[in-house]
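Chains as they are written, first to last, in our numbering: chain A, 1438 to 1650; chain B, 4 to 247.
One should not assume that every hint holds.
Under 10 Å between C-beta atoms, here's a sample of chain A residues computed to sit facing chain B [what the hints assert, rightly or not]:
#1 Ile1451
#2 Ile1502
#3 Glu1505
#4 Val1506
#5 Ala1510
#6 Val1514
#7 Ala1516
#8 Leu1525
#9 Ala1528
#10 Tyr1529
#11 Gln1533
#12 Gly1538
#13 Pro1608
Lysine-lysine pairs mimicking DSSO-like chemistry, simulated, CA-CA at most 27 Å apart [claimed, not checked]:
#14 A:Lys1475 <-> B:Lys149
#15 B:Lys172 <-> A:Lys1636
#16 A:Lys1475 <-> B:Lys170
#17 B:Lys67 <-> B:Lys154
#18 B:Lys195 <-> B:Lys159
#19 A:Lys1535 <-> B:Lys172
#20 A:Lys1535 <-> B:Lys159
#21 B:Lys159 <-> A:Lys1475
It is worth saying that the hints were derived from the structure and are not from the lab. The beta-carbon is built from N, C-alpha and C at its ideal position, and this holds for glycine as well.
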Amino acid sequence: MRTTTPSQDFIRGIWDENPVLVQMLGLCPALAVTNSVKNALAMSAATFFVICCSSVLVSSCKRFIPNEVRISAYILVIATFVTLADMLLQAYAPVQHKELGAFMALIVVNCMILGRQEAFASKNNPFRSLLDAVGTGIGFTIALLMMGGFREILGTGAFLEYSLFGPNFEPWVIMVLPAGGFLTLGFILLAMGYAEHRKKANEIVNEQVKTAL
Amino acid sequence: MSEEGMNEGLEVQDSGTPPEQESPAKAEVSTFQLVATLAVAGALAGLLIVLVNQHTKPIIDKYKAEQLRKAVYEVLPGAEHYDTYYLVDGSLSLSLPEGAKESDFKRVYVGYTAAGQRLGVAVSRGESGFQDVVQIIFGFDHVTGKLTGMKVLDSKETPGLGDKIYKDKAFVDQFFAGPETPLVPVKSGAGKGLPNEIDTITGATISSKTVIGIINHGLEEWKPILDQGIPQAPARSVDEEAQQ
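In isolation and in its complexed conformation, chain B is listed as follows:
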């Protein structure tokens, strides 16, 4: 007892554990045992991951849907609800063909006022910026082509410079002021006061032009499709109403 007490502080090996890990490690271990150990460990690990994933996936999906929902309302000020239209064979449709995956289709979000009037259309689109793909969502009046808002969803633009495309309020506000399209980038202060000019950010010209480019290209792509007419949405069910 006294000997153990003396050595207690100095021993790395805890006295309670038998010194078994020295000898069996040296002994010959069959290949089967090696494979079996890893297989069992792998199976347990997989099981654990699946269990946690089942718990976290709904939370993650809900958060993403919520972020998108918020963004749509942000870029379509005044909208009370919106419908998602998918581009199926060149025309807009509220429903997908049987068995199709939702993520395979391009889509627009059509916003309505409380009275049920169409307010505008929101489109999410990404293009290469200065560092990586910049993903934005923008809303516009589908009749006049005037912008109603823009929000950057995802960007890795340079901190302090390029990230002003969403941190610089003066820049962002220009997109909410109802500019006409197509947008024209101008050097800050060098504009002629035309209704489709957007002042670029000093030091972040590429990032600013990326945002403007995404909007212009998005409009080029969607305006002709939207001009063909948007199919009438069915009367909103109580279910959807409750979700708002």
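Bound-form chain A, shown alone:
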């Protein structure tokens, strides 16, 4: 069994095990609704709400959930919170709700959330689970904002609908279309892979220098 401290539970999801960029979970919303920063924010907020509530509830009720039906129970918990988030968003942010469309309801099948319930919340206490959920939620938000920012700036020449380059900028429309999502994700992963590669190469060189000395 892995052993972690509370701070590791929290930090882990943000970068080292970022759900989207490292674990490759929750890619469907990450690709579909990141055509603007606003939509990315709305999706992140809804997912954040769902993962935190589900994690706390699942970890506090874990002793009542028989092992045989645990997945159904997790899905039930997640689906309930998604429905609540859906209704609240529709009431208080109708424009964003319309933009998110079907992807709002599809948060239910976001593997990132179910994964945290099965891998963490069902084995740990509510406090630890909340830390883990908050970390994962922040990681998801970071990933979505990176993609949303990249795509909105290139695809419409604006950030949060505030025009950056003036009227002469010819928007790179492909970036706000579905294909742009794949391109963006590819570039981000490429950059992260390259950074990781460099880090490892440096470590090896340092090792060698040490042994040579």
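Given the coordinates of chain A, work out where chain B should sit on it, guided by the hints.
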């Protein structure tokens, strides 16, 4: 104490929680218990959803009604109030037959000036565009057939191209300039200056033609009905006045 302190950082399991979830999970659980657990959880979930829905539904409905109300005034410039007429058995009626559902009936919105004169009629209609159904509302003078305005209510047209049907001011403004109907789509700049020409958007011909098609088909459908005459609306009650 010191041992606990040492292990505190390394243990995934919090020391406060008894290690009970290891053993009962392995024990045999009756089918009844499984069903009961899910049933209770489902009932609680349902209850929670109903409670929140009761709170949010009025807000959502109010927002939708408000959006429609705004749209009607937008496409009928100068209107001070409007009445909703339903199409019941081929003629217009202000009221629905007993026990009928509102959503089953087609409807028009008849706008009036402050003096109570009929200004025009607004119709909401949707047809397939380039991606999905484009829903628009448009207003027209029911006597002359001239358009008074058009607003896209719902569309999933291509961002950057098709979405110009509501983002491109030059395109939208043409519908507010009182063009005669039926509308004729022409390539931008290729028109002959006729009063029923609408310049289509370069790169979004299908989306532009969809909008024009919706208006033409809507007029074809409603003009004969409206020509039969619109029944007089009853005097407006204080209640309705207060809502404006």
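Hints, one by one, checked against the model:
1. Ile1451: violated (19 Å)
2. Ile1502: holds (7 Å)
3. Glu1505: Where the cut-off is 10 Å and the nearest Cβ of chain B is about 6 Å from Glu1505 (chain A), the hint holds.
4. Val1506: holds (5 Å)
5. Ala1510: Hint holds; Ala1510 (chain A) Cβ to chain B Cβ min 6 Å, cut 10 Å.
6. Val1514: holds (7 Å)
7. Ala1516: holds (7 Å)
8. Leu1525: Holds, because the Cβ-Cβ distance from Leu1525 (chain A) to chain B comes to roughly 6 Å (cut-off 10 Å).
9. Ala1528: holds (4 Å)
10. Tyr1529: At 7 Å from the nearest chain B Cβ, Tyr1529 (chain A) passes the 10 Å test, so the hint holds.
11. Gln1533: At about 13 Å, which exceeds the 10 Å cut-off, the nearest Cβ of chain B leaves the hint on Gln1533 (chain A) violated.
12. Gly1538: holds (8 Å)
13. Pro1608: Hint holds; Pro1608 (chain A) Cβ to chain B Cβ min 6 Å, cut 10 Å.
14. A:Lys1475 <-> B:Lys149: Cα-Cα ~39 Å, so violated.
15. B:Lys172 <-> A:Lys1636: Roughly 51 Å between the alpha carbons, so the hint for Lys172 (chain B) and Lys1636 (chain A) is violated.
16. A:Lys1475 <-> B:Lys170: Since the Cα atoms of Lys1475 (chain A) and Lys170 (chain B) sit roughly 18 Å apart, the hinted pair holds (cutoff 27 Å).
17. B:Lys67 <-> B:Lys154: holds (15 Å)
18. B:Lys195 <-> B:Lys159: The given pair, whose Cα atoms are some 32 Å apart, is violated under the 27 Å limit.
19. A:Lys1535 <-> B:Lys172: holds (22 Å)
20. A:Lys1535 <-> B:Lys159: holds (10 Å)
21. B:Lys159 <-> A:Lys1475: holds (17 Å)
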